[in-house]
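Chemist: From first to last, the protein sequence lines stand for chains A and B.
Under our numbering, the residues of the first sequence are numbered 337 to 664, in order.
Under our numbering, the residues of the second sequence are numbered 194 to 444, in order.
Hints in this document: simulated from the structure, not taken from any laboratory.
Predicted, not measured: the structure shown is a model, and the values here were computed from it.
One thing to keep in mind: the hints can contain errors.
[As the list claims (entries may be wrong)] No farther apart than 27 Å at their CA atoms in a straight line, the calculated lysine-lysine pairs in the BS3-like style are these:
| no. | chain 1 | residue 1 | chain 2 | residue 2 |
| --- | --- | --- | --- | --- |
| 1 | A | Lys463 | B | Lys257 |
| 2 | A | Lys448 | B | Lys253 |
| 3 | B | Lys257 | A | Lys448 |
| 4 | A | Lys448 | A | Lys463 |
[Unchecked claim] Counterexamples of contact, computed for chain B against chain A with all Cβ distances above 12 Å:
| no. | residue |
| --- | --- |
| 5 | Ser207 |
| 6 | Tyr294 |
| 7 | Tyr334 |
| 8 | Thr413 |
[Said to hold, decoys possible] Computed Cβ-Cβ distance ranges for the label pairs, DEER-style:
| no. | chain 1 | residue 1 | chain 2 | residue 2 | range |
| --- | --- | --- | --- | --- | --- |
| 9 | A | Leu389 | B | Gly226 | 40 to 50 Å |
| 10 | A | Val380 | B | Ile425 | 22 to 32 Å |
| 11 | B | Gly438 | A | Val622 | 16 to 26 Å |
| 12 | A | Val380 | B | Phe223 | 23 to 33 Å |
| 13 | B | Gly289 | A | Val384 | 43 to 53 Å |
| 14 | A | Phe369 | B | Arg305 | 33 to 43 Å |
Even for Gly, the Cβ is constructed at its ideal location relative to N, Cα and C.
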Amino acid sequence: MAVDAQAVARGDVAARPRREREQELLVWPDLVFIEFIAAVVFTVTFFVLSVALNAPLLNRANLNITPNPSKAPWYFMNLQELLLHMHPALAGVIVPTIALLLLAALPYLDRKAEGQGVYFGTPNAVKITLFSAAFAAVFTAGLILYDQGRHVNVVTNIAQHVDKDWEWPTVLAPFQNVRAIQTGWEWEIPVPEGVQVGSGEHDGELNWPQDFEHVPMPFNGTSGPDWMQWDKPDFLPGWMQALYWYDLNLNLPAFVVELLIPVALMVGLPAALLYLLRRLGWLYGVHDAAIALFTGFISVYVVLTIIGAGFRGAGQDLVLPWDVPRID
Amino acid sequence: MAVTEQPRGPRLGSWLYDKLFHNYVWRSVFRSGYPDTPRNQMLAIATNVFLHLHPTRLHKTHVKITHTYCLGGITFFFFLALTVTGVMLMFYYVPGVDRAYSDIAALETNVRFGMLMRNLHRWMAHGMVITVFLHMMRVFYTGAYKPPREFNWVVGVILLVLTLLLSFTGYLLPWDQLAIWAVTVGTNMIGSAPLLGGETRYFLIGGFEVGDAALIRFYTLHVIGLPLLAAIFMAVHFWRVRRDGGLARPL
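Construct all of the structure, not just a fragment, from the sequences and the given hints.
Modeler: See below:
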């Protein structure tokens, strides 16, 4: 039983008796023997596996022939899968970096010593683990299917049984997939006479997406009144010019699709998971929250890896595993 | 208790035993005999260079297989076995664009047990990535990252990254289509970093595309740079397990 140290200090609970020597074993021979047996079993297993199964060796490397699909090693295929759904900097660098930093910071966020030494050390840990794993898996797979527009296929198939000419309605155009917000959606708002929007010409209305693709950032040196404009920093070396806040324009539709929505989902869904567990009355304290988030992370990692490795065919299309072309 | 056994005269077996294990040379290697008293058994662990990272005693629940599933230990076995098979592969492999692929192909057909060594190395590399993950899950779900083991969890995360990098750098070495395109895809991801992405990628693969420079860089990191780092962090990792009081126990 876990004993709360503060409760012991107050005298509410008796301290656990000091552990007795008869509860202990000697490392020699008890543990050393187990390690030896494990090593033997391990060695035999891998010799048998390696006799039975040959490592792949494809054709000689050739940068002029791109296999379709080209895939990263399997443990990075989750990141490759993310690349299909968000900005490459986010998928390839920022998300894994933050994930690793959070993982390393875990013991400094969940500092209570209680609940260690046994599996699932809090009363609701198993329920939280199962729920979080299912929650993360369902949402990850669901979002991938949504971004591939699979719901459009399903609805269209069903609707065309009723009406042969049915097509996805224009009003739902931005809901074909996430990218459709940028590419498949058009609307305009009229701009009153005499109001100057931006610096360029306009036809009396603001059109989505093309009029939102170069939204000047404040104080970027090229927009606004004269005193807010200055010269290009030519005196800086090239790579520092790239870091300099000059002539920065925001591609708003791309920003929404590639950064805003993915970040909102990656922050919002874990938060929603914690809120849901709290409402269910299962979540007590940081240890429970850590179990939920860690389980969710593992679940997302596994689902992304499986989909990236097993369900992505030529052109990174979503296909069934047996339709993934073999490359040589 | 009375002594019931009569002292026996010398027989062939005990004579042989005496000659084999009580001679001058043997005693110079193993200073004491087989440890059969608790004191000697603890000394056997504490005074042996290979075993001294262990504690001398451990709680009896910790030798139950289901407590750890030996995952950390198996990961370490993977590292050792990968080192052995890796050294053997190095005898036959030259990390150059002209030689690498044909060396691997020759290893499979011309070298006795070459295919076996390569298979072992590859499957164990995959296995190590898997067991590192499973070990991390075991440690997490037993709450073993909690005080006083916070820092050892951080060392573990570093070892996870090193394992992934070791596997990734090894992926390029066969120089086949799988290798070069996996590394191209992987390093392109690094190239998309918001700051200095292109520069980092150039630094990593020594050019704008994966070629000779990338091969020698990955090879050097794979066979010496990363294994050395990993060995150092592993030593700290195991030492801290012992210094932090062995495996986590309920409070």
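Chemist: Since Tyr294 (chain B) was said not to touch the interface, does its Cβ keep a gap of more than 12 Å from each Cβ of chain A?
Modeler: Given that some Cβ of chain A is not farther than 12 Å from that of Tyr294 (chain B), nearest at about 4 Å, it is violated.
Chemist: Given the hinted pair Lys463 (chain A) and Lys257 (chain B), is their alpha-carbon gap at most 27 Å?
Modeler: holds, 25 Å
Chemist: Hey, Lys448 (chain A) versus Lys253 (chain B), does the alpha-carbon distance stay inside 27 Å?
Modeler: holds, 25 Å
Chemist: Taking 33 to 43 Å as the hint, is the beta-carbon distance of Phe369 (chain A) and Arg305 (chain B) inside that range?
Modeler: About 34 Å separates the Cβ atoms of Phe369 (chain A) and Arg305 (chain B), which means 33 to 43 Å holds.
Chemist: Non-interface claim for Thr413 (chain B): all C-beta distances to chain A beyond 12 Å?
Modeler: The claim stands: Thr413 (chain B) keeps its Cβ more than 12 Å from every Cβ of chain A (closest is about 19 Å).
Chemist: Taking 23 to 33 Å as the stated bounds, is the beta-carbon spacing between Val380 (chain A) and Phe223 (chain B) within them?
Modeler: With a Cβ separation near 28 Å, Val380 (chain A) and Phe223 (chain B) satisfy 23 to 33 Å, so the hint holds.
Chemist: Using the beta carbons of Leu389 (chain A) and Gly226 (chain B), state whether their distance is inside 40 to 50 Å or not.
Modeler: This hint holds: roughly 44 Å between Cβ atoms.
Chemist: Starting from the hint 16 to 26 Å, judge whether the C-beta atoms of Gly438 (chain B) and Val622 (chain A) obey it.
Modeler: holds, 22 Å
Chemist: Just to be careful, I want the Cα atoms of Lys257 (chain B) and Lys448 (chain A) compared with a cutoff of 27 Å; is the pair within it?
Modeler: holds, 26 Å
Chemist: Is the Cβ of Ser207 (chain B) more than 12 Å away from each Cβ in chain A?
Modeler: The assertion about Ser207 (chain B) holds, with a minimum of 23 Å to chain A.
Chemist: Please settle this one: Tyr334 (chain B) was flagged as non-interface, so is its CB more than 12 Å from every CB on chain A?
Modeler: Incorrect as stated: the minimum Cβ-Cβ distance to chain A is 5 Å, not above 12 Å.
Chemist: Quick check: does the Cβ-Cβ distance between Gly289 (chain B) and Val384 (chain A) fall within 43 to 53 Å?
Modeler: violated, 34 Å
Of the numbered hints stated above, those contradicted by the structure are hints 6, 7 and 13, listed in ascending order.
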